[in-house]
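Peer 1: Let the sequences and hints guide you as you build the complete structure.
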Amino acid sequence: DAGVIQSPRHEVTEMGQEVTLRCKPISGHNSLFWYRQTMMRGLELLIYFNNNVPIDDSGMPEDRFSAKMPNASFSTLKIQPSEPRDSAVYFCASSPPGRDYEQYFGPGTRLTVT
Amino acid sequence: RKEVEQDPGPFNVPEGATVAFNCTYSNSASQSFFWYRQDCRKEPKLLMSVYSSGNEDGRFTAQLNRASQYISLLIRDSKLSDSATYLCVVIRSSASKIIFGSGTRLSIRP
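From first to last, the protein sequence lines stand for chains R and L.
Following my numbering, the numbering of the first sequence begins with 116 at its first residue and continues without gaps.
Following my numbering, the numbering of the second sequence begins with 4 at its first residue and continues without gaps.
Treat each hint with caution, since some may be false.
What the hints assert, rightly or not - Within a straight-line C-alpha distance of at most 30 Å, the following computed DSSO-like cross-link-like pairs (lysine-lysine) qualify: (1) L:5 / R:193; (2) L:5 / L:100; (3) R:183 / R:139; (4) R:193 / R:183; (5) L:48 / L:100; (6) R:193 / L:100; (7) L:45 / R:193; (8) L:45 / L:82; (9) R:193 / L:48; (10) R:193 / L:82; (11) R:139 / L:82; (12) R:139 / L:100; (13) L:48 / L:5; (14) R:193 / R:139; (15) R:139 / L:48; (16) L:100 / L:45; (17) L:100 / R:183; (18) L:5 / L:45; (19) R:183 / L:45; (20) L:82 / L:48; (21) R:183 / L:82.
Worth flagging that the hints you see were computed from the coordinates, not collected in a lab.
Quick caveat, the model's predicted, so the values are computed rather than measured.
Peer 2: Structure follows, in structure tokens:
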């Protein structure tokens with residue numbers, strides 16, 4: 116069975132550029148989570164969706180970050196404009212109905228902003 | 004102060020030893036608790052749930068102490084393959100909050 120799929124796996128971009136990260140959750144899962152992980156701050160929940168609706172976006176750092184989930188099988192996290200402090204590993208995770216704690220993480224996107 | 008705190012470690016113990024570490028949480032409204040494991044440069048994976056009555060899965064035992072607001076993970080007869088970072092997760096369903104601790108790094112030496 117395919118797990119959570121993220122693309123790209125690595126992204127290197129220059130400050131000021133727009134970055135779009137993509138996620139395909141596991142089929143049948145109805146919750147989707149975006150996380151950011153750095154050495155300094157650990158794993159931070161940015162936003163999560165339930166049935167394609169954003170439930171908690173209090174972790175989104177600022178207006179430069181936006182996330183969408185147009186359908187049950189696809190989500191994007193966009194950073195515009197990107198800054199060096201956005202460099203991190205961004206994980207997407209999904210969970211089955213009624214079991215938000217049982218999260219299956221994708222392999223992550225390692226973002227470097229120079 | 005962070006809502007969920009863990010000793011970052013690293014805990015460096017010999018193979019076969021028993022090791023335990025805790026995770027404290029500050030919000031008494033927290034409802035559900037879990038341990039995840041993350042290998043170096045990999046994604047986190049669910050390890051086990053934590054119940055008030057304690058939860059055992061093979062060599063792993065997780066416990067919850069609501070009065071003192073902490074959860075614990077105990078690993079018996081540790082293996083080299085147990086080397087990883089262990090993240091505790093606290094959920095407050097009423098507020099739709101899911102909070103990961105920063106993780107405790109465990110290193111098992113031969």
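Peer 1: Indicate, hint by hint, whether the structure satisfies it.
Peer 2: These are the hints, each one checked on the structure:
{"no.": "1", "hint": "L:5 / R:193", "result": "holds, 27 Å"}
{"no.": "2", "hint": "L:5 / L:100", "result": "holds, 14 Å"}
{"no.": "3", "hint": "R:183 / R:139", "result": "holds, 12 Å"}
{"no.": "4", "hint": "R:193 / R:183", "result": "holds, 9 Å"}
{"no.": "5", "hint": "L:48 / L:100", "result": "holds, 19 Å"}
{"no.": "6", "hint": "R:193 / L:100", "result": "holds, 22 Å"}
{"no.": "7", "hint": "L:45 / R:193", "result": "holds, 22 Å"}
{"no.": "8", "hint": "L:45 / L:82", "result": "holds, 19 Å"}
{"no.": "9", "hint": "R:193 / L:48", "result": "holds, 25 Å"}
{"no.": "10", "hint": "R:193 / L:82", "result": "violated, 41 Å"}
{"no.": "11", "hint": "R:139 / L:82", "result": "violated, 34 Å"}
{"no.": "12", "hint": "R:139 / L:100", "result": "holds, 23 Å"}
{"no.": "13", "hint": "L:48 / L:5", "result": "holds, 22 Å"}
{"no.": "14", "hint": "R:193 / R:139", "result": "holds, 15 Å"}
{"no.": "15", "hint": "R:139 / L:48", "result": "holds, 17 Å"}
{"no.": "16", "hint": "L:100 / L:45", "result": "holds, 24 Å"}
{"no.": "17", "hint": "L:100 / R:183", "result": "holds, 19 Å"}
{"no.": "18", "hint": "L:5 / L:45", "result": "holds, 24 Å"}
{"no.": "19", "hint": "R:183 / L:45", "result": "holds, 25 Å"}
{"no.": "20", "hint": "L:82 / L:48", "result": "holds, 18 Å"}
{"no.": "21", "hint": "R:183 / L:82", "result": "violated, 42 Å"}
Violated hints, in rising order: 10, 11, 21; the structure is consistent with all others.
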